[in-house]
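A.B. asks: Let the hints inform the model, and build the full structure from the sequences given.
Heads up: the sequence lines are chains Z and L, in that order.
Under the working numbering, residue 413 is the last one in the first sequence; the count climbs by one each step, no gaps.
Under the working numbering, residue 653 is the last one in the second sequence; the count climbs by one each step, no gaps.
Treat the hints with caution; some may be incorrect.
[Unchecked claim] If we take Cβ atoms under 7 angstroms as the criterion, some of the chain L residues that face chain Z in the derived model are:
| id | residue |
| --- | --- |
| 1 | N465 |
| 2 | D471 |
| 3 | N491 |
| 4 | R497 |
| 5 | N498 |
| 6 | F503 |
| 7 | Q506 |
| 8 | R513 |
| 9 | G528 |
| 10 | P639 |
Bear in mind the hints are in silico, worked out from the structure with no lab data behind them.
Note that this is a predicted model, so its numbers are computed, not measured.
Glycine included, C-beta positions come from ideal geometry on N, C-alpha and C.
Residues per chain are reported as follows:
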Amino acid sequence: MKRFFFDLKEGIIISLKAIAANKMRAILTTLGIIIGIVAVTTMSTAIVGLREAFLSSLSSLGNDVLYVDKFEWFGSRNWRQYRNRKDITYDQYVKLREMLPADAYEAMAPNKRTFGKTVKYKQRSVQATLIYGTTEEFIKTSGAIPENGRFMNEFEVKAGRRVCIIGQDIAKNLFPNMDPLNKYIRINNVPLKVIGVLEKQGSAFFGSFSMDGQIIMPLKVFERLFGQRHGRMLIDIKVADVNKMDDVKELVTAVMRTVRKVPPGKPNDFAVNRQDVFTEVYDKTVGVVALAGIVITALSLFVGAIGIMNIMFVSVTERTKEIGIRKAIGARTWSILLQFLSEAAIICMIGGVIGLIISFPLSLIIDRFLPTAMPLDIVFLSLVISALVGIISGFLPAYKASRLNPVEALRYE
Amino acid sequence: MNNIIKLEHIAKIYEVGAEKVHALKDVSLTIDENEYVAIMGPSGSGKSTLMNIIGCLDTPTKGTYIFTGVNVSEMDDNELAEIRNKEIGFVFQTFNLLPRSNALHNVELPLIYAGIPKNERQEKAIQALKSVGLEDRIYHKPNELSGGQRQRVAIARALVTNPSIILADEPTGNLDTKTGEDIMALFNELHEKGHTIILVTHEEYIAEHAERIIRLRDGLIERDEPVENRVIPNHTLSEG
Ligand SMILES: Nc1ncnc2c1ncn2[C@@H]1O[C@H](COP(=O)(O)OP(=O)(O)OP(=O)(O)O)[C@@H](O)[C@H]1O
Ligand SMILES: [Mg+2]
Numbered sequence: 001m002k003r004f005f006f007d008l009k010e011g012i013i014i015s016l017k018a019i020a021a022n023k024m025r026a027i028l029t030t031l032g033i034i035i036g037i038v039a040v041t042t043m044s045t046a047i048v049g050l051r052e053a054f055l056s057s058l059s060s061l062g063n064d065v066l067y068v069d070k071f072e073w074f075g076s077r078n079w080r081q082y083r084n085r086k087d088i089t090y091d092q093y094v095k096l097r098e099m100l101p102a103d104a105y106e107a108m109a110p111n112k113r114t115f116g117k118t119v120k121y122k123q124r125s126v127q128a129t130l131i132y133g134t135t136e137e138f139i140k141t142s143g144a145i146p147e148n149g150r151f152m153n154e155f156e157v158k159a160g161r162r163v164c165i166i167g168q169d170i171a172k173n174l175f176p177n178m179d180p181l182n183k184y185i186r187i188n189n190v191p192l193k194v195i196g197v198l199e200k201q202g203s204a205f206f207g208s209f210s211m212d213g214q215i216i217m218p219l220k221v222f223e224r225l226f227g228q229r230h231g232r233m234l235i236d237i238k239v240a241d242v243n244k245m246d247d248v249k250e251l252v253t254a255v256m257r258t259v260r261k262v263p264p265g266k267p268n269d270f271a272v273n274r275q276d277v278f279t280e281v282y283d284k285t286v287g288v289v290a291l292a293g294i295v296i297t298a299l300s301l302f303v304g305a306i307g308i309m310n311i312m313f314v315s316v317t318e319r320t321k322e323i324g325i326r327k328a329i330g331a332r333t334w335s336i337l338l339q340f341l342s343e344a345a346i347i348c349m350i351g352g353v354i355g356l357i358i359s360f361p362l363s364l365i366i367d368r369f370l371p372t373a374m375p376l377d378i379v380f381l382s383l384v385i386s387a388l389v390g391i392i393s394g395f396l397p398a399y400k401a402s403r404l405n406p407v408e409a410l411r412y413e
Numbered sequence: 414m415n416n417i418i419k420l421e422h423i424a425k426i427y428e429v430g431a432e433k434v435h436a437l438k439d440v441s442l443t444i445d446e447n448e449y450v451a452i453m454g455p456s457g458s459g460k461s462t463l464m465n466i467i468g469c470l471d472t473p474t475k476g477t478y479i480f481t482g483v484n485v486s487e488m489d490d491n492e493l494a495e496i497r498n499k500e501i502g503f504v505f506q507t508f509n510l511l512p513r514s515n516a517l518h519n520v521e522l523p524l525i526y527a528g529i530p531k532n533e534r535q536e537k538a539i540q541a542l543k544s545v546g547l548e549d550r551i552y553h554k555p556n557e558l559s560g561g562q563r564q565r566v567a568i569a570r571a572l573v574t575n576p577s578i579i580l581a582d583e584p585t586g587n588l589d590t591k592t593g594e595d596i597m598a599l600f601n602e603l604h605e606k607g608h609t610i611i612l613v614t615h616e617e618y619i620a621e622h623a624e625r626i627i628r629l630r631d632g633l634i635e636r637d638e639p640v641e642n643r644v645i646p647n648h649t650l651s652e653g
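C.D. replies: Rendered as structure tokens:
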């Protein structure tokens, strides 16, 4: 072991000298590796950033919330089977609430949604991206916290009071330089009193719509405004303990089967969804594309590796006589192998470091669009990868060198 | 006296295409410790081939080679490398120094492969360079040295591991007469210090520095006899 480090150290010293004696060539050779490392690190930074952006856009869905819906959010079975499913009703929500053990969940909110409705205040009007009709517990299941004013209370929900909580964009557009609280906005000509303004949420699903364009109101008001049959109902359940998500999901499924009278042996005619299905689907779709991207950029690293291999073969041939001399005075196969392997690895690592120096500012540019900087593990990984590339691509030439017959190598001119 | 080298029916056959070249046909000989032997013979008679086998640079096609009591004809590459490193010092006609390294580093080289740490290595290398009279050329590169000086660096490199034998294949072949004589004086000194020396030469006069001359012809030993009137170089080292 001690001998190994001695040999390694001497091998590195010899290869550093050899590289120094051929600086220009080493730099040109590293170019391939530099490009490869820049491509791979930039690509993976972008991919990690993309995923992070996606995850943060999911933050409107809680990771401790179950979403009971009549549809699976992602399913690949035939549509016909789904189409006939009955809506989830308020009655079912009430029964679920009765039958589910109280310590299993923290909050439960039935809700309906509608999109793209016009909201007015005096002369001004704006499109609400998303309108919820729900109950007071929605504040817990959705995490939509009012920044000004308050959320609706149980009484307002039960009585179907015309109150609403609006997002930041709605507030800004309808009430420029004005306090929206206690003002009345109109939807379908029905006035609703603004009792709260939500915190800024940012955009969801890659900015496809802004969560700041939402309006929350009591379920009864929603049904009065848009009709009983408008929008399908979901039941959002915030579990009491995230670690028991799976248990609660099973419980909810069992209760819902009873409530919806699903005969034993028949499949569910509803679904208990979780936020992580989005992540799963993301990884299955975008993830695959991202992987393809990495593989394609890794090809440039591969081209760089071939360059290294090529130059190492040249280097070995050029130094046949030197190898002969070293062997004649007692260098073992291993010492020669190590010498050329470390030369290839060092050249590659120099390329790796230069590549990182170049890709760091690039990652800062990416950082302006996606919420991520170059992850440290990518830095570390790309150094390891470049050393590995060197060792792998240097192996054949180094092996050839180490196997040279000393007599013939000495005779080489 | 111990015999340090024992060759028994050694043959070396090179295959060039379909043709077989019998570089050595059947060579048996023994060399004792502290002997000074010259090998002579016409070009192509197999002198270098024999030297390479004795020096463990090459393995014979047939026959056994016992070196310091060990059968080396059955050793693998790494074992041979270790013997070359520890027991054998090579001096070549064309010096074979690393052109980019200075004298010190060239002489240090065998010690690197012996796994000796840097300080001890340099000390020994400087010692060896002194013993060949090059203490003031330590940091010169080969192209900054004369032919004779280069050969002395090569001899220092051969000496530095304190090997059992020193093998020199036409060490004076690339040098003028005067410089050649300096080198021969050096070999004489080494012999007097107790080293075993085997050298290949074309020149009768050079060969007569040795105690014994082995003459090869067509891969066979033609004659093997002691030298009657050895040439003893009387001058000591001088700048060549
Ligand atoms: N690697 C090789 N492949 C094929 N034939 C070889 C090889 N090495 C040597 N020979 C042949 O073996 C024979 C002996 O060669 P060797 O080099 O031992 O001669 P030598 O006595 O040293 O000659 P010189 O005085 O010219 O150096 C020659 O005929 C040569 O052509
Ligand atoms: Mg020869």
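A.B. asks: Tell me if the interface restraint on L/D471 is satisfied: Cβ within less than 7 angstroms of some Cβ in chain Z.
C.D. replies: 5 angstroms, holds
A.B. asks: Answer holds if the nearest beta-carbon of chain Z is closer than 7 angstroms to that of L/G528; otherwise answer violated.
C.D. replies: 6 angstroms, holds
A.B. asks: Does the closest beta carbon of chain Z sit nearer than 7 angstroms to the beta carbon of L/R513?
C.D. replies: At 6 angstroms from the nearest chain Z Cβ, L/R513 passes the 7 angstroms test, so the hint holds.
A.B. asks: Next item in the hint list is L/F503. Is there a CB on chain Z closer than 7 angstroms to its CB?
C.D. replies: 6 angstroms, holds
A.B. asks: Using Cβ atoms only, decide whether L/N491 comes closer than 7 angstroms to chain Z, and label the hint accordingly.
C.D. replies: Hint on L/N491: holds, closest Cβ of chain Z at ~5 angstroms, below 7 angstroms.
A.B. asks: Can L/R497 be said to touch chain Z, with a Cβ gap under 7 angstroms?
C.D. replies: 5 angstroms, holds
A.B. asks: Using 7 angstroms as the Cβ threshold, decide whether L/N498 counts as touching chain Z.
C.D. replies: With a closest approach of 2 angstroms, the L/N498 hint holds.
A.B. asks: For the hint on L/P639, just tell me whether its beta-carbon gets within less than 7 angstroms of chain Z.
C.D. replies: Interface hint status for L/P639: violated (30 angstroms vs cutoff 7 angstroms).
A.B. asks: Holds or violated: is there a CB of chain Z closer than 7 angstroms to the CB of L/Q506?
C.D. replies: 11 angstroms, violated
A.B. asks: Have a go at the L/N465 hint: is there a Cβ in chain Z nearer than 7 angstroms to its own Cβ?
C.D. replies: 5 angstroms, holds
In summary, the numbered hints that this structure violates are 7 and 10.
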